[in-house]
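Chemist: Sequence:
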Amino acid sequence: MMDDVRKSGRCIIDSVEAAQLLWRRLQHLVPHNAEAKWHPVGLNERLRFLKYTPGDYFAPHSDGRYSRESGPDKGDTSFYTLMIYLNEPAAGGETNFLSYSHDEETPVRPRTGLALLFDHELHHEGALLKSGVKYAIRTDVMFKRGPAGAAGAGAGNHDADLR
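FYI, the UniProt record's numbering numbers position 43 of the sequence shown as 43, with every residue one higher than the one before it.
It is worth saying that the hints were derived from the structure and are not from the lab. Please note that a few of the clues may not be correct.
No farther apart than 25 Å at their CA atoms in a straight line, the calculated lysine to any residue pairs in the SDA-like style are these [unchecked claim]: (1) Lys51 / Glu121; (2) Lys7 / Lys144; (3) Lys144 / Asp76; (4) Lys51 / Ser131; (5) Lys51 / Asp119; (6) Lys51 / Glu105; (7) Lys37 / Glu88; (8) Lys7 / Glu88; (9) Lys51 / Ser101; (10) Lys7 / Phe49; (11) Lys7 / Asn96; (12) Lys130 / Ala90; (13) Lys144 / Lys51; (14) Lys130 / Gly113; (15) Lys51 / Ala18; (16) Lys74 / Lys7; (17) Lys130 / Ala115; (18) Lys7 / Glu94; (19) Lys144 / Arg25; (20) Lys130 / Arg10; (21) Lys74 / Lys130; (22) Lys51 / His120.
Ranges between beta-carbon positions, derived for each pair [unchecked claim]: (23) Pro107 / Ser70: 19 to 27 Å; (24) Ala36 / Asp4: 34 to 42 Å; (25) Pro54 / Arg111: 13 to 21 Å; (26) Arg68 / Phe97: 23 to 31 Å; (27) Ile12 / Glu121: 19 to 27 Å; (28) Ser131 / His28: 29 to 37 Å; (29) Asp14 / Asp103: 22 to 30 Å; (30) Arg48 / Asp73: 17 to 25 Å; (31) Gly71 / Arg111: 18 to 26 Å; (32) Cys11 / Asn96: 20 to 28 Å.
Backbone N, C-alpha and C fix where the C-beta goes; we use that ideal spot for every residue, glycine too.
Given the sequences, and given the hints that come with them, work out the whole structure.
Modeler: Encoded structure:
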């Protein structure tokens with residue numbers, strides 16, 4: 001990885017089963033609009049397991065969309081990032097949401113079991129980890145274009161605790 005942008009460990013695992021298990025637990029928390037052209041249908045099976053050690057960080061960025069290019073779900077596209085924190089580091093490692101001018105930030109401190117859901121377009125950073133170790137899983141909420149189905153029913157915007 002490029003140290004000027006990101007310094008951390010990452011292991012990518014594709015697991016449909018794990019993504020479905022997490023989706024069953026979290027789908028009611030995903031914002032859903034019956035009038036929208038896109039509707040949430042599940043999680044991206046590409047799970048990124050992250051490990052940050054002291055001195056690691058992820059510079060300010062916005063997340064990119066993931067689109068399925070083949071198979072029965074061809075065209076499904078992600079719009080939201082899902083970050084699940086697996087532990088609480090001793091110091092640092094917050095996810096900071098930044099204003100466009102970078103003069104204001106809203107920090108989210110990692111907490112064991114916290115699920116953080118946000119729009120890919122929000123500018124954010126993984127703050128420098130000062131001490132301890134930070135573990136997290138990152139994936140995406142996938143959307144299908146067309147009429148809403150029961151699989152995408154959600155209840156609004158909430159925090160989730162997976163402990």
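Chemist: All hints, please: hold or fail.
Modeler: Here's how the hints hold up against the structure:
Simply put, lysine 51 and glutamate 121 have alpha-carbon atoms about 23 Å apart, close enough for the 25 Å limit, and the pair holds. For the hint pairing lysine 7 with lysine 144, the CA-to-CA distance comes to about 33 Å; that exceeds 25 Å, so the pair is violated. Restraint check for lysine 144 and aspartate 76: satisfied, since their Cα atoms lie roughly 5 Å apart, inside the 25 Å limit. This hinted pair checks out: lysine 51 and serine 131 have alpha carbons roughly 13 Å apart, not beyond 25 Å.
As the CA atoms of lysine 51 and aspartate 119 are separated by approximately 22 Å, the hinted pair is consistent with the 25 Å bound. Between lysine 51 and glutamate 105 the alpha-carbon distance is near 23 Å, which keeps this suggested pair within the 25 Å criterion. Taking the CA atoms of lysine 37 and glutamate 88, the gap is about 38 Å. The hint is violated against a cut of 25 Å. Annotation: proposed proximity of lysine 7 to glutamate 88 holds, straight-line Cα distance about 19 Å (limit 25 Å).
The straight-line distance between the Cα atoms of lysine 51 and serine 101 is roughly 29 Å, outside the 25 Å bound, and the hint therefore fails. Between lysine 7 and phenylalanine 49, the direct Cα distance comes to roughly 14 Å. Compliance with the 25 Å bound is thereby established for this hinted pair. Among the hinted pairs, lysine 7 with asparagine 96 is consistent with the structure: their alpha-carbon atoms are about 16 Å apart, no more than 25 Å. At roughly 8 Å between alpha-carbon atoms, lysine 130 and alanine 90 fall within 25 Å of each other, so this suggested pair holds.
Between lysine 144 and lysine 51, the direct Cα distance comes to roughly 31 Å. Violation of the 25 Å bound is thereby established for this hinted pair. The suggested pairing of lysine 130 with glycine 113 holds, with an alpha-carbon distance near 21 Å, which does not exceed 25 Å. Of the supplied pair hints, the one linking lysine 51 and alanine 18 holds, its CA atoms being roughly 19 Å apart against a limit of 25 Å. About 33 Å separates the Cα atoms of lysine 74 and lysine 7, which puts this hinted pair outside 25 Å; it is violated.
Distance hint between lysine 130 and alanine 115 is fulfilled; the C-alpha atoms sit about 22 Å from each other, no more than 25 Å. Note on lysine 7 and glutamate 94: the hinted pairing holds, with a Cα-Cα distance of about 15 Å set against a maximum of 25 Å. Restraint check for lysine 144 and arginine 25: the C-alpha separation of about 19 Å stays at or below 25 Å, so the hint holds. Between the alpha carbons of lysine 130 and arginine 10 the distance comes to roughly 19 Å, so the proposed pair stays at or under 25 Å and holds.
For the suggested pair lysine 74 and lysine 130, the alpha carbons sit about 42 Å apart, so the restraint of at most 25 Å is broken. For the hint pairing lysine 51 with histidine 120, the CA-to-CA distance comes to about 21 Å; that is within 25 Å, so the pair holds. At about 39 Å, the beta-carbon gap between proline 107 and serine 70 misses the expected band of 19 to 27 Å. Taking 34 to 42 Å as the suggested C-beta distance range, the pair alanine 36 and aspartate 4 conforms, at roughly 37 Å.
At roughly 19 Å, the beta-carbon separation of proline 54 and arginine 111 lies within the given 13 to 21 Å, and the hint holds. Against the hinted window of 23 to 31 Å, the Cβ-Cβ separation of arginine 68 and phenylalanine 97 comes to about 27 Å, which satisfies the hint. Between isoleucine 12 and glutamate 121 the beta carbon distance is about 23 Å. The supplied range of 19 to 27 Å therefore holds. For serine 131 and histidine 28, the Cβ-Cβ distance of about 36 Å falls inside the hinted range of 29 to 37 Å, so the restraint holds.
Evaluation of the 22 to 30 Å hint for aspartate 14 and aspartate 103 yields a failure: the beta carbon distance comes to about 39 Å. Range check, arginine 48 to aspartate 73: Cβ separation about 19 Å, and the 17 to 25 Å hint holds. A hinted range of 18 to 26 Å for the beta carbons of glycine 71 and arginine 111 is inconsistent with their spacing of about 36 Å. Taking the beta carbon of each, cysteine 11 and asparagine 96 are about 24 Å apart, inside 20 to 28 Å as hinted.
Consistency note: the structure conflicts with the earlier hints numbered 2, 7, 9, 13, 16, 21, 23, 29, 31.
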